[in-house]
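Participant: Here are the chains, one letter per residue:
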Amino acid sequence: MTDPGPEIQTDPPCTVLVVEDDHDVREALEEVLGGAGYGVITARHGAEALTHLRSGSLPALILLDLSMPVMDGAAFCAEQKKDPRLAPIPIIVLSAAGALADKVSALAVAGYLRKPVRLDDLLTTVERFCSIPS
Amino acid sequence: MKPLRVLFVEDVADDATLLHLELRRAGYAVTAERVETAQDMAAALARSPWDVVLSDYSMPRFTAPDALALLRSSSQPELPFLIVSGSIGEESAVASLKAGAADFVIKSNLARLVPAIERELGEAQMRRERREALAALEQAIRARDEFLSIASHELKTPLTTLRLQVAGLLRAAENARSNLSDDKVRSRLAAVSRSADRLADLVDRLLEITRITTGRLELDRQDLDLCALVHEVLTDLDTSLRESGSAVMLQADPPVIGHWDRQRIESVVTNLLTNAIKYGEGKPIEIMVEDLGPRGRLVIIDHGIGIAEADQRRIFERFERAVPERHFGGFGIGLWLSRQIVEAHGGCIAVASRPGEGSRFAIELPKIGVAA
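Those protein sequence lines, which keep their order, are chains A and B.
With my numbering applied, the first sequence covers 1 to 134.
With my numbering applied, the second sequence covers 1 to 372.
Bound conformation, chain A alone (with noise of 0.2 Å):
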């Protein structure tokens, strides 16, 4: 978790993209990052996130579950690195998986936050990439 990537062009200039199939987890994702000043989109799985990407403005970080129906975190990773607009985002994954550290070294993200994750930590973690203009 240390390369927080190129600086990229996004608009606010503090929004997170959370991808998150289960609902309650996605909203309080969303209610706590808010709460702490950030821009929040939601997406329930890879495929929607990818459609998030392509049609609107980019987020400066995405916060990535990895079991999710449809696409799944890294099937979207593979799509992300395939297109070069959206290949600079980096990405955090959240999961419960077990064996974590092994599966998201093949992935190749910016790093990785264990469920359940602390709301200190996570936000640690999103500042990093990801500042409030205070």
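Hints are computed from structural coordinates only; laboratory data are not their basis.
Cβ coordinates follow ideal geometry from the N, Cα and C atoms, glycine included.
Take these hints with a grain of salt, some might be off.
Mimicking BS3-like on lysine-lysine, the simulated pairs with C-alpha atoms at most 30 Å apart in a straight line are [what the hints assert, rightly or not]:
{"no.": "1", "chain 1": "B", "residue 1": "K2", "chain 2": "B", "residue 2": "K107"}
{"no.": "2", "chain 1": "B", "residue 1": "K184", "chain 2": "B", "residue 2": "K156"}
{"no.": "3", "chain 1": "A", "residue 1": "K81", "chain 2": "B", "residue 2": "K156"}
{"no.": "4", "chain 1": "A", "residue 1": "K81", "chain 2": "A", "residue 2": "K103"}
{"no.": "5", "chain 1": "B", "residue 1": "K156", "chain 2": "A", "residue 2": "K103"}
{"no.": "6", "chain 1": "A", "residue 1": "K103", "chain 2": "A", "residue 2": "K82"}
Just the calculated beta-carbon pair ranges, DEER-fashion [said to hold, decoys possible]:
{"no.": "7", "chain 1": "A", "residue 1": "D83", "chain 2": "B", "residue 2": "R216", "range": "50 to 58 Å"}
{"no.": "8", "chain 1": "A", "residue 1": "S57", "chain 2": "B", "residue 2": "R216", "range": "54 to 62 Å"}
{"no.": "9", "chain 1": "A", "residue 1": "R54", "chain 2": "B", "residue 2": "D220", "range": "47 to 55 Å"}
{"no.": "10", "chain 1": "A", "residue 1": "A87", "chain 2": "B", "residue 2": "T214", "range": "50 to 58 Å"}
Assemble the complex: chain A is given as a structure, and chain B must be docked to it using the hints.
Facilitator: For chain B alone, coordinates are given in the frame of chain A:
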């Protein structure tokens, strides 16, 4: 006649015939092949399964120790291998037995042949059974490990919501500038409460699984209307139904009353409906509650991904699911649990499905204990 497949490693055809006759006399229906080179033996082993190898000790182009080595590195390494030969001297005999030959029978005393073969077949059978029991045990351990990993994954999802919502609300409460509306607070507390319920449900299911596997499932029967129950479950699942986009077509009118365990039948109905929503691809779901006189029947039909024929029996087994876990949440045990509960009521559960066209699940429950 007991069938016996014998591979003779023997250069003298008459000697093989003699052994063949000896086995026939003992009541065996012998299928045999005779080989006298390593190449032919390897081919015979690769071609078909055998019960026993009877090998001469020394042949012009092959020996018993070589044949034994070849057998051990073949695809049937545990076949009993007996040496049937003229006198070969103590040293060779001992060396052969040490190398793993099961026995040594002298051609001039063939009376020992059949008992030796029978003993070896018995032992081979025991080895096979032990191996199978071990494999079954290993499979059960793998399944349990997989179940534990899925269970912990499932528990972490509502825990994530709990942690984030509670910490977020706490933070807002401590921040004087926070202007969280009462509505917001209420809806976030509702999410907290839902997550606590989910955790409690998951723990209940874990306990239920333990109760069933240890044979301690006791039903708490009471008069219950299956129609009303289906209505209640539909209300509980309202949010996920709306999210899925599936419309519900419901036929559950006159009460269908039986003497059933409310909580457990509710979990069965919830499981079947949750599956229909999960695998229904947003297409309509049909639900019918029918009164069959002595029994009540619930039918749930979705028009989603369906289940391949090979998977249809498997899905009622423990820790099985037809689609990979990563795509759909849940313990992968819901249908097994449902079947156990329905069967504990003396009822039955069945599935009919075609991949790509959807699935039809039906349960039938005897009404027992209810006056007509």
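Participant: Run every hint past the structure and note whether it holds.
Facilitator: Here's how the hints hold up against the structure:
{"no.": "1", "hint": "B:K2 <-> B:K107", "result": "holds (23 Å)"}
{"no.": "2", "hint": "B:K184 <-> B:K156", "result": "holds (24 Å)"}
{"no.": "3", "hint": "A:K81 <-> B:K156", "result": "holds (29 Å)"}
{"no.": "4", "hint": "A:K81 <-> A:K103", "result": "holds (17 Å)"}
{"no.": "5", "hint": "B:K156 <-> A:K103", "result": "holds (17 Å)"}
{"no.": "6", "hint": "A:K103 <-> A:K82", "result": "holds (19 Å)"}
{"no.": "7", "hint": "A:D83 <-> B:R216: 50 to 58 Å", "result": "holds (55 Å)"}
{"no.": "8", "hint": "A:S57 <-> B:R216: 54 to 62 Å", "result": "holds (58 Å)"}
{"no.": "9", "hint": "A:R54 <-> B:D220: 47 to 55 Å", "result": "holds (54 Å)"}
{"no.": "10", "hint": "A:A87 <-> B:T214: 50 to 58 Å", "result": "holds (53 Å)"}
Going down the numbered hints, you'll see the structure goes against none, and every one checks out.
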